[in-house]
Amino acid sequence: QQPVQSPQAVILREGEDAVINCSSSKALYSVHWYRQKHGEAPVFLMILLKGGEQMRHEKISASFNEKKQQSSLYLTASQLSYSGTYFCGTEEDSGGSNYKLTFGKGTLLTVNP
Amino acid sequence: KAGVTQTPRYLIKTRGQQVTLSCSPISGHRSVSWYQQTPGQGLQFLFEYFSETQRNKGNFPGRFSGRQFSNSRSEMNVSTLELGDSALYLCASRDGLAGDTDTQYFGPGTRLTVL
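Line by line, the protein sequences are chains P and S.
Position 39 (the first sequence) corresponds to 39 in the numbering used here; numbering is contiguous.
Position 71 (the second sequence) corresponds to 1071 in the numbering used here; numbering is contiguous.
For the record, the hints were derived by calculation from the structure and aren't laboratory data.
Listed next, with one range per pair, are the computed distances between beta-carbon atoms:
#1 P:T76 - S:G1003: 24 to 30 angstroms
#2 P:E16 - S:F1060: 37 to 43 angstroms
#3 P:S61 - S:A1002: 26 to 32 angstroms
#4 P:N65 - S:T1113: 38 to 44 angstroms
Note that the coordinates shown come from a computational prediction; the quantities given were computed from them, not determined experimentally.
Just so you know, even glycine gets a beta-carbon here, dropped at the ideal spot from N, CA and C.
Take these sequences, add in the hints, and give me the full structure.
Put into structure tokens, the structure is as follows:
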């Protein structure tokens, strides 16, 4: 079942912070975050594993709350280059990695000067 | 290392025709997954191949099929095309046996338009 991302869209000024949430109705083993710029392929940002630590990619960090079946992506001091659509991909908990990702519909992030 | 490559990049077909898309994974990667991306549904998983065998399958009709060759290259075929098949088809590769942190890398996609 497809995870739900919120918000669907967010507009920031350079330097502002944002949080993108990803929620699932299923128990999760991992959450993968990607960013896709218009006309380009999705680019991997980070993986969060069940029982794992909060992850970071440059000034972007993410957390994974297994009990709430939810992950959050934190963008700090946003830069123009952060603009794009952010997708979370979830892997259901079947006792290990099953290599099957289900993606949310994405959050469109626009960073203006 | 070269990234994931997909051919062709753009394709225009008419209803009822069939189409074959190709994907070459990153060297050494044995797993190839296919996704359909549309504005309304987002990224939807089609299937995954590992060592020439389909390991996972999404909820798409039988008109969508795929295969993987011994060199890990993969093809996806759509028969009897419908207007709703117009989409960006993305291929992604990963090691396939690296366990928990096996990272998936996407290709640039093939933009299919069905008229």
